[in-house]
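Q: Spelled out, the chains give:
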Amino acid sequence: MTGVARIYRWEIVKLLAQKRTYLGLGAAMIVPVIFVVVLQIQSGGPNDVPLGRYIRNSGIVTPLVVLLFMSIWGFPLITALVAGDIVASESQNGTLKTILTRSRERGQVFAGKVLAAFTYTAAVVVAMGLVGVLAGSIAWGFHSFTSLSGTPVSAGRGLGLMFASLAVYVLPLSGIAAFAVLLSTVTRNSAASVVGALMFALFMQLVGVLPGTESIRPYLLGTQFDAWHGFLRTPADWAPIVRAVWLSALYIAVPLFTAYLVFLRRDVAGE
Amino acid sequence: MSDATPVVARGLVKRYGEIVAVAGVDLTVEPGDVFGYLGPNGAGKTTSLRMMLGLIRPSAGSVTLFGRDPMADGAKALDGVAGFVEGPRFYPYLSGRRNLRLLADYDEPVSRSRIEEVLELVELRDRAKDGVGGYSHGMRQRLGIAAALLRDPKLLLLDEPATGLDPAGMRDMRDLIRRLAAEGLTIMLSSHLLYEVEELCNRVAIIRQGSIIYEGQLGELLATAATGHRLRVRDVERARTICLNQRGIENVVLDGGELRFTADEDAVAALSLALGQARVPITQLVTESASLEELFLGMTGGESSDADRSAVAS
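Line by line, the protein sequences are chains E and H.
If you're matching positions, the first sequence starts at 0 in numbering that gives the first Met the number 0 and goes up one per residue.
If you're matching positions, the second sequence starts at 0 in numbering that gives the first Met the number 0 and goes up one per residue.
Please keep in mind that the hints were generated in silico from the structure rather than gathered at the bench.
Please note: incorrect hints may appear among the correct ones.
To be verified - Straight-line distance between alpha carbons at most 20 Å, and here's what the computed DMTMM-like set of lysine to aspartate or glutamate pairs gives:
#1 H:K153 - H:D72
#2 H:K75 - E:E104
#3 H:K75 - H:E107
#4 H:K153 - H:E107
#5 E:K18 - H:D129
#6 H:K153 - H:E29
#7 H:K153 - H:E182
#8 H:K153 - H:D68
#9 H:K75 - E:D266
Stated by the list, open to error - Stretch-level coverage of chain E by chain H, calculated; a stretch enters the list once three of its residues show a Cβ under 8 Å from a Cβ in chain H:
#10 1-10
#11 41-53
#12 95-101
If you're wondering where the values come from, they're calculated on a predicted model, not measured in any experiment.
Virtual Cβ for every residue (Gly too), placed ideally from N, Cα, C.
Please put together the full structure from these sequences, using the hints given.
A: Below, the structure is given as structure tokens:
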């Protein structure tokens, strides 16, 4: 096992030993359940959002509709809870000096932490997806449903598309995670990093709805949260998906590289 | 000076804006030393140690550990080096044993038996499964030593290892350091507990306001202090007259029924003979040498400021 792999493994162990990990994971898993229960009680539905009118067609649609509602602050907050804490908590606990005086290079420590933050980001989205499908299927069954183009999608293919959608959704969310890691590295303050990352996510959403921003809208991080719609069209619309991939990579790379440089050069004094 | 020299610091400076935390530290720790690093609070001890461990970047100067510069060689410079600054810190939500396993994985793989061995050495094996959050200060200090020993170091850098411990804990810590030194480890011990340094160290450096004002053998430092003697006799006036006329007996002072003077060993021997021949019975003759504390206070001007400039700067 390489040095980074060992550090990554321990980062996961540390995450599993902390309450905040379960707070975010629990929130991601409870939201689709609440969503299904509320829709079971009411007769109406979220008809004004894509796929909303087909929510009762199949349990597979549930996590996809929940994605839309959690894009604004739900998932950014859950992601920031861990990514914003991952370096700052070491500073605040004074453990950074403990691990930086062993045999691993700073770059390896940073890489292990970033991988753990991204793993958590993916895990909460997948957990929401699985619980959503399960809860939705219990309520409405596991059936075929109607795509955004109005064509039928079989249950098996729909499940595959749902996971593909979750994967594409994780990309812009990782951009939020990367920004949270940057704040965590620079501010050395967990709370400031979480709030700052959430503000960044909200700002991206806000800019996207302001009049006059149409030309830059496709390049905003917030817009990429809808890229997965491309999978639910017939034929699949790859343009937003491809854009989400490279644009998210950019939103991930810039803050991460900055954070990496800061982490390599920072003085570790009293932390 | 060879690459085997555990610590060589030359012109080490650390500035935080206008604040100069370390103003130019030059020191050398030789193999086998138990090296005391003394200074008042805020003198720059911890900042120097942080630079030695590669935690902070010097503004000027250099430090090498066994010939390697932590700034240039990164973690490789810490091969064979272990220790802690400002107290060891651990993950409170993990057990003591799990903390050590984590740190072992941050080094080259260490066998589980080695982890048990160091836990045994610091007498923490019975509490190793408990969360570190519930450990006392002394237990954390001992776990810090265990974490350092996991690396099988040749050089231990310890920053105030006995601070905050109760008297029994301090004694245990001193015993442990003495044992490790006896096993051949080079130890650099930052401390403001002067009796601890006097008891454990063979060489010392004293830092004041960021600069080294003394570096050398502890014995030589103590020998620089004038040796004084106290004399109690049955007939103090006759004894005083004899003292004043005796060669090599100087600075004779009558002080509350006893005489004080300075002299070398030969002069003191001659004086005791002279007093005997004059039938002036001696009831007490005591040699008084300056303690490290007196020397330290004299050299540092009695500074004991609580304002740790390095902490302020960080």
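Q: State for each hint whether it applies.
A: We went through each hint and held it up to the structure:
1. Among the hinted pairs, K153 (chain H) with D72 (chain H) is consistent with the structure: their alpha-carbon atoms are about 18 Å apart, no more than 20 Å.
2. With a C-alpha separation of about 8 Å, the suggested pairing of K75 (chain H) with E104 (chain E) holds against the 20 Å cut-off.
3. At roughly 12 Å between alpha-carbon atoms, K75 (chain H) and E107 (chain H) fall within 20 Å of each other, so this suggested pair holds.
4. For the proposed pair K153 (chain H) and E107 (chain H), the alpha carbon gap of about 16 Å is at most 20 Å, so the pair holds.
5. Pair hint K18 (chain E) plus D129 (chain H) holds up; C-alpha atoms about 18 Å apart against a cutoff of 20 Å.
6. Taking the CA atoms of K153 (chain H) and E29 (chain H), the gap is near 11 Å; set against the 20 Å cutoff, the hint holds.
7. A distance of roughly 10 Å separates the Cα atoms of K153 (chain H) and E182 (chain H); the hinted pair therefore holds under the 20 Å criterion.
8. Annotation: proposed proximity of K153 (chain H) to D68 (chain H) holds, straight-line Cα distance about 16 Å (limit 20 Å).
9. The hinted pair formed by K75 (chain H) and D266 (chain E) meets the criterion: a straight-line CA distance of about 18 Å does not exceed 20 Å.
10. Only residues whose C-beta sits within less than 8 Å of a C-beta in chain H count toward coverage, and the segment 1-10 of chain E has 4 of them, enough to reach three; the restraint holds.
11. Against chain H, the segment 41-53 of chain E contributes 0 residues with a C-beta closer than 8 Å to a partner C-beta. That does not satisfy the three-residue criterion, and the hint is violated.
12. Counting residues of the segment 95-101 of chain E whose CB lies closer than 8 Å to any CB of chain H gives 6, so the stated coverage by that chain holds, three being the minimum.
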